[in-house]
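Colleague: So the chains spell out like this:
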Amino acid sequence: MIKAIQTGLKKAKTHWQISALVYALNFVFALGFAMAFKNVLADEFAFRDVSRRLLEGFDFTFLSDMNYASGSVTSLFKTLNWLVAGYILTSAFLSGGIIASLRREEFSLPDFFADSARYVGRFVALSAFFALTVLAPIVVVAIFSAIGNAMSESAISEAPVMIWTVVGIGLGAITLAFFYLAFEVAKFEVACENKKPFRAYMSAFKITLKNIASFFGIMLAFLLCVGVIGSVLHLLAPKGETGAGVFALALMQQALVASRVFFRVATMGALLEKYREVRPKQELAETPSEPVSETTEPIQEPEPTKQAPENAGDAEIKSEQETK
Amino acid sequence: MKRITSLLTLLLFGIFSARAQTASPRLANYDIIASLDPESRTITATEILTWKNHSNDTVPDLRFHLYLNAFKNRNSTFFKESGGQLRGIEPEGKEDENIWGFVEIESMKLLSLNGKEESIDLTSRLQFIHPDDDNKDDQTVAQILLPSPVLPKGEAKLEIKFKSKLPKIFARTGYAADGKFFLVAQWFPKIGVYESPGDRYVPLTASKGQWNCHQFHGNSEFFADFGVYRVAITVPKSYVVGATGVLQSQTEQGDLKTLVYYQEDVHDFAWAASPLFQVFEDSYKSKDGHSIKLTFLAQPQHADQAERHFLAVKNALEWAEEWLGVYPYSSLTIVDPAYGGGGAGGMEYPTFITAGTFWKIPLGVKTTEIVTVHEFGHQYFYGMLASNEFEEAWLDEGMNTWLELSVMRRYYAGEAGKKSAFGDKTSAIDFLGIRIGDVEQSRSGYTSPSNAKRDTIVKPVWTYKRGGYGTFSYNKPGTMMLTLENILGEETMKIVMRTYFERFKFKHPTTRDFIRTVNEATGKDFTPFFNQFLYSTLALDYAVQNLSNSADENDEELEGATDATEKKQGDYRIKVVFERKEEAVAPMDILIKFEDGTEFRDVWDGVARYKIYEFEKPAKAVAAYIDSENKYLLDVNRNNNALTAKPETAGFWKWAMNAMFWLQNFLLIFA
Numbered sequence: 001m002i003k004a005i006q007t008g009l010k011k012a013k014t015h016w017q018i019s020a021l022v023y024a025l026n027f028v029f030a031l032g033f034a035m036a037f038k039n040v041l042a043d044e045f046a047f048r049d050v051s052r053r054l055l056e057g058f059d060f061t062f063l064s065d066m067n068y069a070s071g072s073v074t075s076l077f078k079t080l081n082w083l084v085a086g087y088i089l090t091s092a093f094l095s096g097g098i099i100a101s102l103r104r105e106e107f108s109l110p111d112f113f114a115d116s117a118r119y120v121g122r123f124v125a126l127s128a129f130f131a132l133t134v135l136a137p138i139v140v141v142a143i144f145s146a147i148g149n150a151m152s153e154s155a156i157s158e159a160p161v162m163i164w165t166v167v168g169i170g171l172g173a174i175t176l177a178f179f180y181l182a183f184e185v186a187k188f189e190v191a192c193e194n195k196k197p198f199r200a201y202m203s204a205f206k207i208t209l210k211n212i213a214s215f216f217g218i219m220l221a222f223l224l225c226v227g228v229i230g231s232v233l234h235l236l237a238p239k240g241e242t243g244a245g246v247f248a249l250a251l252m253q254q255a256l257v258a259s260r261v262f263f264r265v266a267t268m269g270a271l272l273e274k275y276r277e278v279r280p281k282q283e284l285a286e287t288p289s290e291p292v293s294e295t296t297e298p299i300q301e302p303e304p305t306k307q308a309p310e311n312a313g314d315a316e317i318k319s320e321q322e323t324k
Numbered sequence: 001m002k003r004i005t006s007l008l009t010l011l012l013f014g015i016f017s018a019r020a021q022t023a024s025p026r027l028a029n030y031d032i033i034a035s036l037d038p039e040s041r042t043i044t045a046t047e048i049l050t051w052k053n054h055s056n057d058t059v060p061d062l063r064f065h066l067y068l069n070a071f072k073n074r075n076s077t078f079f080k081e082s083g084g085q086l087r088g089i090e091p092e093g094k095e096d097e098n099i100w101g102f103v104e105i106e107s108m109k110l111l112s113l114n115g116k117e118e119s120i121d122l123t124s125r126l127q128f129i130h131p132d133d134d135n136k137d138d139q140t141v142a143q144i145l146l147p148s149p150v151l152p153k154g155e156a157k158l159e160i161k162f163k164s165k166l167p168k169i170f171a172r173t174g175y176a177a178d179g180k181f182f183l184v185a186q187w188f189p190k191i192g193v194y195e196s197p198g199d200r201y202v203p204l205t206a207s208k209g210q211w212n213c214h215q216f217h218g219n220s221e222f223f224a225d226f227g228v229y230r231v232a233i234t235v236p237k238s239y240v241v242g243a244t245g246v247l248q249s250q251t252e253q254g255d256l257k258t259l260v261y262y263q264e265d266v267h268d269f270a271w272a273a274s275p276l277f278q279v280f281e282d283s284y285k286s287k288d289g290h291s292i293k294l295t296f297l298a299q300p301q302h303a304d305q306a307e308r309h310f311l312a313v314k315n316a317l318e319w320a321e322e323w324l325g326v327y328p329y330s331s332l333t334i335v336d337p338a339y340g341g342g343g344a345g346g347m348e349y350p351t352f353i354t355a356g357t358f359w360k361i362p363l364g365v366k367t368t369e370i371v372t373v374h375e376f377g378h379q380y381f382y383g384m385l386a387s388n389e390f391e392e393a394w395l396d397e398g399m400n401t402w403l404e405l406s407v408m409r410r411y412y413a414g415e416a417g418k419k420s421a422f423g424d425k426t427s428a429i430d431f432l433g434i435r436i437g438d439v440e441q442s443r444s445g446y447t448s449p450s451n452a453k454r455d456t457i458v459k460p461v462w463t464y465k466r467g468g469y470g471t472f473s474y475n476k477p478g479t480m481m482l483t484l485e486n487i488l489g490e491e492t493m494k495i496v497m498r499t500y501f502e503r504f505k506f507k508h509p510t511t512r513d514f515i516r517t518v519n520e521a522t523g524k525d526f527t528p529f530f531n532q533f534l535y536s537t538l539a540l541d542y543a544v545q546n547l548s549n550s551a552d553e554n555d556e557e558l559e560g561a562t563d564a565t566e567k568k569q570g571d572y573r574i575k576v577v578f579e580r581k582e583e584a585v586a587p588m589d590i591l592i593k594f595e596d597g598t599e600f601r602d603v604w605d606g607v608a609r610y611k612i613y614e615f616e617k618p619a620k621a622v623a624a625y626i627d628s629e630n631k632y633l634l635d636v637n638r639n640n641n642a643l644t645a646k647p648e649t650a651g652f653w654k655w656a657m658n659a660m661f662w663l664q665n666f667l668l669i670f671a
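As they're listed, the protein sequences go chains A and B. Per my numbering: the first sequence = residues 1 to 324. Per my numbering: the second sequence = residues 1 to 671.
If you are wondering where the hints come from, they were derived from the structure by calculation, not from laboratory data. Hints should not be assumed to be uniformly reliable.
[Claimed, not checked] Take a look, some chain B residues computed to stay more than 12 Å from chain A by CB distance:
#1 Trp211
#2 Thr357
#3 Val636
[Stated by the list, open to error] Some chain B residues near chain A, calculated using beta-carbon distances under 10 Å:
#4 Arg26
#5 Leu27
#6 Asp178
#7 Arg435
Every residue gets a Cβ at the ideal spot worked out from N, C-alpha and C, and that includes glycine.
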């Protein structure tokens with residue numbers, strides 16, 4: 001796991017362009033909303049002497065009286081739904097490029113977009129499967145909630161019921177994290193094994209389940225890094241009570257987002273490394289020699305690297321070449 | 001003989017002086033012996049009621065509240081009005097389960113009438129009546145025709161044997177925690193209020209008085225005469241009991257124990273019993289020097305919150321004694337309802353309140369304090385100022401909301417909050433960067449566009465549409481009282497409220513009484529103010545409509561605008577337009593600031609639709625404000641109360657950047 005983490009960090013560093021691309025995409029989408037948000041407020045209130053109150057912090061009276069200007073705010077939040085949908089699709093599009101790029105030694109923008117385009121259909125399908133699996137943690141929480149309600153019938157204190165609820169939410173979160181990891185592995189299965197989305201997801205479950213400790217370990221290690229950086233930035237962050245303060249605050253927020261993106265790419269790199277290490281041999285043998293029927297054009301494997309593979313994980317490329 | 005005559009005279013004088021010294025008229029006096037059977041959730045009791053006819057009428061009948069019958073089935077008026085759920089809790093369980101409650105009068109006997117001993121069984125004369133609606137299934141009010149009337153200033157003494165089956169708690173009263181918690185309220189046959197000509201709204205010219213004895217409604221329950229209560233309660237020995245009044249004695253008989261409580265000058269009696277209670281005690285020294293024993297009956301999981309409850313009550317006591325008057329009783333019991341009994345939380349009874357908290361509730365979430373302060377406040381607005389909650393709920397809940405907001409603002413707003421517009425930024429929530437003051441939270445319950453003009457404050461509570469009761473009995477009157485305080489100033493408001501309290505304590509004050517008190521104490525006529533905000537649906541919204549610094553000869557004439565008021569020689573022609581956007585009218589403080597640091601202040605009577613100020617000055621106007629002192633919390637939209645010459649957007653950038661940051665983090669889930 002440590003080796004995978006190191007590889008992930010190294011990949012994120014050498015392929016910094018991936019982080020830059022993901023951050024840029026994230027920034028552009030969010031900035032679009034932020035600008036619209038700011039403009040709605042400015043159109044309604046720029047001359048109303050409320051900016052000063054908002055600089056001081058959360059202002060409930062401003063918020064409650066915004067009911068009288070709710071039309072523009074409502075329409076703003078309606079556009080947010082489309083924005084999120086657009087971002088998810090774009091992310092699905094880029095995933096193929098990210099994974100394929102992480103398998104290479106060097107980053108190439110044309111290859112990145114070519115790979116992105118190649119896998120987009122199946123990655124969108126995978127995203128849809130993942131969206132369905134989000135129901136699973138909801139079911140877990142619902143089950144715990146039902147048990148909690150049954151407990152509350154005879155309970156004389158809310159403490160055990162609340163603990164039970166928190167445990168239920170925690171287990172729901174762990175379930176969600178498991179499906180999220182399986183989603184990641186399924187992407188590898190598509191990109192490396194050329195599988196159909198459903199088959200990829202099914203085998204990804206098995207692989208994730210078998211290696212749950214190391215996969216979770218990788219994810220938690222990088223989450224911890226983000227947590228530490230976030231805590232430090234939170235301590236250093238200015239209150240943002242002046243224009244300059246707001247600018248400094250925004251810079252720190254973006255630093256945290258950028259670090260999150262970097263560690264996100266590192267997580268993918270580390271998971272990919274671990275995946276290569278643990279992928280069942282039987283699966284390798286079953287790898288189809290022809291592109292799957294679902295795709296309309298043959299799936300091209302990434303260009304062979306100029307240098308020799310530096311670790312066992314790259315044996316995969318060799319084995320794929322052998323199957324051709 | 002002379003000596004005997006002298007002694008008799010002294011005795012009579014003593015009796016009359018003692019009577020004159022009683023705080024209340026003591027018209028309805030109860031002596032109750034009750035026994036709780038936790039297994040069957042039933043109380044078996046005998047009540048001796050002595051009712052005094054204070055009127056000059058001969059009263060042929062008596063009327064009783066039988067409130068527990070509101071929980072008898074789904075056909076009661078209470079149940080229909082509440083839609084089967086109230087206070088956020090629905091009755092659970094199947095129809096055949098032991099969830100329902102009722103009070104059954106087993107016998108009623110007249111023991112004496114107008115000073116003459118009797119022994120007449122009245123049970124068969126009992127009939128249910130429905131003074132408020134046509135619901136024949138409602139059994140919350142009963143009438144009994146007496147064999148002969150109660151004479152003017154006479155009295156009737158009755159013995160009532162009854163059984164009260166307690167419902168599973170979903171609103172106010174009943175049992176919870178599988179029978180390990182009982183909150184026993186509205187549990188005994190309670191006589192209504194006989195109002196004679198001149199009382200409250202009964203005209204002085206009326207030929208006769210009338211009973212005021214409303215059915216039990218979804219939103220209201222209190223109106224009763226003061227009296228003396230002596231209640232003996234028998235419970236299993238393991239049960240801890242808290243009740244209205246002072247514990248006089250406690251005796252044990254086998255597995256049972258009997259506790260006797262006594263309290264003068266109250267108009268209700270409630271109690272709680274549970275083997276789960278942990279008992280905490282504290283005391284408070286009243287302004288007049290007498291000691292008040294504070295008891296907190298806590299659920300074990302809330303034992304660490306005893307200090308929070310005591311501090312809230314002490315703060316409220318200090319404030320109330322300063323702003324209203326002395327708390328005359330020597331005890332106050334705070335009951336923490338058991339889990340599952342939340343519907344009984346946040347209730348008020350004389351010298352006895354129920355609070356409401358959660359396990360490990362953060363210090364920054366101050367609902368525990370808000371509920372405790374609010375329910376304590378009812379010792380004044382309900383307990384001593386015993387207005388008719390059915391007909392004028394705002395005198396009870398609205399005034400008490402003002403007390404709650406005032407206490408929370410004074411003791412929990414923090415220094416930063418005190419400097420803010422309403423003097424309150426953190427007294428409701430100060431947690432995870434979210435800061436909300438109790439004042440602004442309560443105000444927001446009224447000011448939204450969908451609420452502001454929905455209803456009036458003064459109307460019978462059962463005629464409110466869904467949600468209207470909370471808005472117009474709590475939020476709007478609380479906001480109105482704070483507005484009144486801002487207009488009058490702290491010292492004048494204190495005089496008003498002390499006068500109101502001293503004049504009407506242990507009586508049944510009305511809205512009219514309060515308005516008269518305000519007018520007398522201030523020497524000004526506030527009737528138009530109250531007419532607008534108590535009796536009409538008019539909303540208040542003033543705005544700065546326009547501010548311009550350049551001359552424009554083609555300015556449009558605004559309909560309803562008053563004349564310009566001031567013109568001076570200078571380089572800029574400055575024009576500021578103020579607007580009354582809604583129908584309510586109030587005088588408004590005007591403030592215009594200029595770039596050379598000078599200010600212009602005025603008071604606009606607020607009558608016209610627009611008010612235009614024009615100046616010719618060497619310095620531009622930089623900002624204009626209406627209600628610049630933030631007096632009118634009733635102004636439903638305060639975001640339009642200022643207008644600046646230059647835009648200022650830094651604050652919007654801050655929140656846009658915050659929104660962007662959180663959105664970015666959310667989007668990264670999908671990256």
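Colleague: Which of the stated hints cannot be reconciled with the structure, identified by number in ascending sequence?
Modeller: Those not satisfied are hints 2, 3, 4, 5.
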